[in-house]
Amino acid sequence: MAVLGTRDGARVEIDLTRTGGLRLIGPGADQAERALLVQMLGAAVHGDRQVVTTGPDLRRLLGEEAARRMAETAVSGVRVAATASDALNDLGGQTVGRTALRDAEPDSAGRAVGAAPVVPLVCAIDPAEDTARAGYELQIGACLGIGGLLLGDWPHGTTLAVDSGGVITDATGKAAGNLTGTQVMLLDEAQCQERLVALGLTAKDPLGLHGAPSANRQLSATQGQPGMIRLFGGSVVEGPARREESRSDHLWALIGQLAEHRSRSKLTREILENRLGWGAWNGSPERFSTALRDARALLCTALERPTNQGKVVITHSAALGYQINGELLACDLHLFQDLIARAVTETDDAKAATLSAAVTLYTGSYLPQLHGEQRWALETDRTIRRKVVAALTELATLEAGAARAALHLERATELEPTAQHLYQQRMRYYAELGQTTRIHHCYEELHEGLRGIKQRPDPQTVELYTRLTDKS
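Note that UniProt numbering gives residue 415 to position 415 of the sequence shown, counting from 1, and the numbers run on in steps of one.
By construction, these hints were calculated from the structure, which means they are not laboratory data.
Small disclaimer: the values here were computed from a predicted structure and weren't measured.
All C-beta atoms in this analysis are idealised placements derived from N, C-alpha and C, irrespective of residue type, glycine included.
Treat each hint with caution, since some may be false.
Label pairs and their computed distance ranges (CB to CB) [said to hold, decoys possible]: (1) T180 with S289: 26 to 34 Å; (2) D163 with R102: 35 to 43 Å; (3) P240 with A10: 40 to 48 Å; (4) G152 with T360: 16 to 24 Å.
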């Protein structure tokens with residue numbers, strides 16, 4: 001399923017395998033096609049989809065520079081063919097392979113090896129003169145998890161007319177259903193660039209997040225966007241030459257929600273007010289307008305822009321609703337999330353450098369001033385804290401020496417003061433270094449942390465502590 005857009009506040013999805021090939025027409029078609037393609041590429045990054053497209057089609061939708069950079073970045077699950085004919089050859093091979101897998105006999109152990117592939121495949125091409133062949137491949141592939149987004153003339157399948165505001169004004173064909181009136185997602189080239197960078201689909205990017213990682217990499221606003229929103233360990237906006245703060249919890253709650261919302265679904269005022277508890281029912285119908293005005297003014301001031309440019313720093317569009325302008329402002333939350341995601345695909349030194357950059361970004365709790373009134377901020381903080389602890393734990397395993405490994409776990413136990421398995425490993429590292437005093441201190445720290453929740457060290461921890469200190 002692909003997310004097409006929204007209607008009446010609800011998400012609208014479309015199954016591309018049932019469309020017979022999806023074609024978009026009208027003044028909003030290019031931006032809608034771009035949004036769908038980037039969505040499919042994002043799914044491929046996470047292993048949830050395969051994509052077959054062509055170089056010319058990428059250049060038309062993503063722009064020359066983005067297409068070139070993406071071609072330099074090998075992405076598992078994405079095949080960029082030279083021509084539509086080559087792409088259809090690839091699609092035909094996929095059809096044959098998936099059919100053989102589906103129809104295979106059970107193996108000698110009786111295992112069902114003939115199950116249909118679970119990873120859907122999308123062919124995003126302009127079939128040019130090969131429309132008949134493309135139609136045949138999509139017809140055969142429909143039951144094999146293969147669908148198509150057709151970028152040129154297409155007399156088959158499903159056609160959606162999209163106006164300049166992103167609204168489907170007409171829908172015809174196999175999967176048209178009641179799609180008329182749906183507000184589809186739109187992406188211009190600038191927004192597309194931002195999404196590709198966040199997904200790691202370009203070999204180079206303004207923040208330097210997706211190049212070869214370096215332990216000395218400095219993540220700062222000056223490497224790309226002129227501004228940086230920092231939500232860890234305090235709330236501040238850094239511009240090219242100044243820092244701006246605000247004591248308004250409402251302002252930071254709004255910025256926090258905008259920062260957390262990185263999906264392509266529409267973020268409306270109603271959705272934001274519901275998440276923040278600011279509906280008219282609570283007697284503060286203007287709270288949103290005030291917070292939005294103040295947030296825009298703060299960001300403009302940090303960027304040394306006139307405050308009447310507020311709609312540039314926090315944009316609003318019919319397709320996506322409210323968004324922070326990612327071309328002007330980076331965010332430590334986003335950088336952290338991207339680095340953690342990137343580390344999953346890396347090994348050894350590259351993984352260690354990326355994880356180090358991620359944990360360096362975490363300078364303290366996420367929006368701590370909101371934890372009392374905004375439950376979502378506390379939940380996000382807990383999620384981030386767990387990821388930081390996991391990253392520090394993994395960094396410890398990647399270190400060649402016990403001393404540096406122990407340092408990572410010392411920070412991890414500061415964040416999770418009752419995690420006995422982390423204290424156990426700390427004590428093992430201290431024993432390896434011959435630091436008996438540190439073993440005692442480590443055990444005392446654990447005692448103190450557990451005392452706060454009225455618990456005591458478990459038998460395994462006690463046994464390890466006794467054994468390690470008896471050796472001295």
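So, going through the hints one by one against the coordinates:
no. : hint                       : in the structure
1   : T180 with S289: 26 to 34 Å : holds, 32 Å
2   : D163 with R102: 35 to 43 Å : holds, 41 Å
3   : P240 with A10: 40 to 48 Å  : holds, 42 Å
4   : G152 with T360: 16 to 24 Å : violated, 47 Å
Comparing the model with each numbered hint stated earlier shows that hint 4 is the single one that does not hold.
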